[in-house]
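Work out the full structure: start from the sequences and follow the hints.
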Amino acid sequence: DGDKQTRYVVKLWISLGESRILADVTLNDRDMEYPLIVGRNVLVDTMIVDVSRKHLVSN
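Per the numbering used here: the sequence shown = residues 808 to 866.
Just so you know, not all the hints are guaranteed correct.
Beta-carbon label-pair distances, calculated as ranges [said to hold, decoys possible]: (1) 857 x 811: 25 to 31 Å; (2) 864 x 833: 22 to 28 Å; (3) 819 x 855: 20 to 26 Å; (4) 817 x 854: 20 to 26 Å; (5) 861 x 839: 15 to 21 Å; (6) 809 x 855: 32 to 38 Å; (7) 846 x 813: 18 to 24 Å; (8) 863 x 815: 28 to 34 Å; (9) 809 x 854: 28 to 34 Å; (10) 839 x 817: 16 to 22 Å; (11) 811 x 854: 21 to 27 Å.
It should be emphasised that the hints constitute simulated quantities derived from the structure, not laboratory data.
Values in this document were obtained by computation on a predicted structure and should not be read as measured data.
The beta carbon of each residue, even a glycine, is placed where N, CA and C say it ideally should be.
Structure (structure tokens):
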């Protein structure tokens, strides 16, 4: 929408399967379907993403 917003950044540990990744996360009021979006910059050295499959990792 073009308006400037202040975004706070915190470091969080994100657990995906057996992997733990320390990532910079921006805090925002996300009134959206997904409360957290993990970008490819976080996954680049740790995961391989197959977009043809989903829900492959469980706790």
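What are the numbers of the hints the structure violates, in ascending order?
1, 11
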